[in-house]
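With the hints as constraints, model all of the structure from the sequences given.
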Amino acid sequence: MTRTAPIEREAAAGAVTDPGADDARPAPHDDRHFVVISGLSGAGKSQASKLFEDLGYACVDNLPPELLDHFLALRREGDERYGRAALVLDIRAGDPAPAIERARRALADEGAALELIFLEASDASLVSRFSETRHRHPLEETRSGLQASIADERRRLSPTRQLADHVIDTTGLSIGQLKDRLLSILPHEVGHDDLRIDIVTFGFKYGIPLEADLVFDVRFLTNPYWEPELKALSGLEPPVRDFVMRQPAAARFLELVAELIELTAPAYRMEGKEHLRLALGCTGGYHRSIALAEELGRRLAALPDASVRVYHRELER
Numbered sequence: 017m018t019r020t021a022p023i024e025r026e027a028a029a030g031a032v033t034d035p036g037a038d039d040a041r042p043a044p045h046d047d048r049h050f051v052v053i054s055g056l057s058g059a060g061k062s063q064a065s066k067l068f069e070d071l072g073y074a075c076v077d078n079l080p081p082e083l084l085d086h087f088l089a090l091r092r093e094g095d096e097r098y099g100r101a102a103l104v105l106d107i108r109a110g111d112p113a114p115a116i117e118r119a120r121r122a123l124a125d126e127g128a129a130l131e132l133i134f135l136e137a138s139d140a141s142l143v144s145r146f147s148e149t150r151h152r153h154p155l156e157e158t159r160s161g162l163q164a165s166i167a168d169e170r171r172r173l174s175p176t177r178q179l180a181d182h183v184i185d186t187t188g189l190s191i192g193q194l195k196d197r198l199l200s201i202l203p204h205e206v207g208h209d210d211l212r213i214d215i216v217t218f219g220f221k222y223g224i225p226l227e228a229d230l231v232f233d234v235r236f237l238t239n240p241y242w243e244p245e246l247k248a249l250s251g252l253e254p255p256v257r258d259f260v261m262r263q264p265a266a267a268r269f270l271e272l273v274a275e276l277i278e279l280t281a282p283a284y285r286m287e288g289k290e291h292l293r294l295a296l297g298c299t300g301g302y303h304r305s306i307a308l309a310e311e312l313g314r315r316l317a318a319l320p321d322a323s324v325r326v327y328h329r330e331l332e333r
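The sequence shown begins at 17 in the numbering used here and counts up by one.
Simulated from the structure, these hints should not be mistaken for lab results.
Don't take every hint at face value.
Unchecked claim - Straight-line Cα separation of at most 20 Å, EDC-like style, residue types lysine to aspartate or glutamate; simulated pairs:
(1) K289 / E311
(2) K195 / E227
(3) K289 / D321
(4) K195 / D77
(5) K289 / D229
(6) K195 / D70
Claimed, not checked - Simulated restraints, written as ranges between beta carbons of each label pair:
(7) A109 / D70: 21 to 27 Å
(8) D111 / D321: 37 to 43 Å
(9) Q163 / A128: 24 to 30 Å
(10) A164 / A318: 36 to 42 Å
Note that beta-carbon positions come from the ideal geometry of N, C-alpha and C, so glycine has one too.
Take a look at the structure:
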């Protein structure tokens, strides 16, 4: 069983555990996987493109939407260089939604698919990133300031967001954590009907993960933070885990949540859902939520036709 080492920054960079696997996640196996990356400026599209490039995908950044049809034509000609491809389409070259819809229809006629990943972040996070890098927002020349440009871009990309297969909120995520989120949605050697279950922990003080399907508030439990010997430890470490799990309400909570997922997972699969995202939150996302998520991941790993991953968003703060 792979575990994340307690609170060491090197180990926390990614902060992901896989309760049901003994080995590292394999590389993607689909030789014709076609991905489009879109989203808000400053939300991490360049880092996402770099990850796909490292995985052997042909990558094109800032592709004008009108050239998407030409790129698909190259793939149809059988050029293996473009079999696995990841293209970045964003607001710099205009609204990408019509081109994405057109490409998706064309690929569907060929028995193939286009997978759209949309990256976003909170306004405060985007403002901070632009301030740190001193880059100009691509719409800033036409707007009165950065915040107005972000709002305009969010509005103009709303149709593209609605087309997305995956929406990832990168607020508070490190590059390593973004990488793990992207790896979790790539095609891997799992059963065709497997349901991928992601459990992410977070702190309410930093915001709820926007992409979560189900959100659970675990602040009803006594907080280890107020115990001097536990304050500096995380929920990955035995003293904190034992403190949390000794509470009767914690055990009952896990029973109820596990029962809920056991009940609904088969129905989700029958409805065609491939990815279920659970979020467990406490005040800072450092103690209670982590301890509970680790135990919940172990329990859900026993589900048939499901693969489970656990992410701890706040460990690098």
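Results for each hint:
Taking the CA atoms of K289 and E311, the gap is about 24 Å. The hint is violated against a cut of 20 Å. Of the supplied pair hints, the one linking K195 and E227 holds, its CA atoms being roughly 16 Å apart against a limit of 20 Å. Between the alpha carbons of K289 and D321 the distance comes to roughly 13 Å, so the proposed pair stays at or under 20 Å and holds. For the given pair, K195 sits about 18 Å from D77 by alpha-carbon distance, which is consistent with the 20 Å threshold.
Distance check on the hinted pair: K289 and D229 sit about 11 Å apart at the alpha-carbon level, within 20 Å; holds. Distance check on the hinted pair: K195 and D70 sit about 11 Å apart at the alpha-carbon level, within 20 Å; holds. With their beta carbons about 24 Å apart, A109 and D70 fall inside the hinted range of 21 to 27 Å. The hint said 37 to 43 Å for the Cβ distance between D111 and D321, and at roughly 39 Å that hint holds.
Checked against the given bound of 24 to 30 Å, the beta carbons of Q163 and A128, roughly 40 Å apart, lie outside it. The supplied range of 36 to 42 Å is broken by A164 and A318, whose beta-carbon atoms lie about 51 Å from each other.
Taken one by one, the earlier hints fail for this structure at numbers 1, 9 and 10, listed in ascending order.
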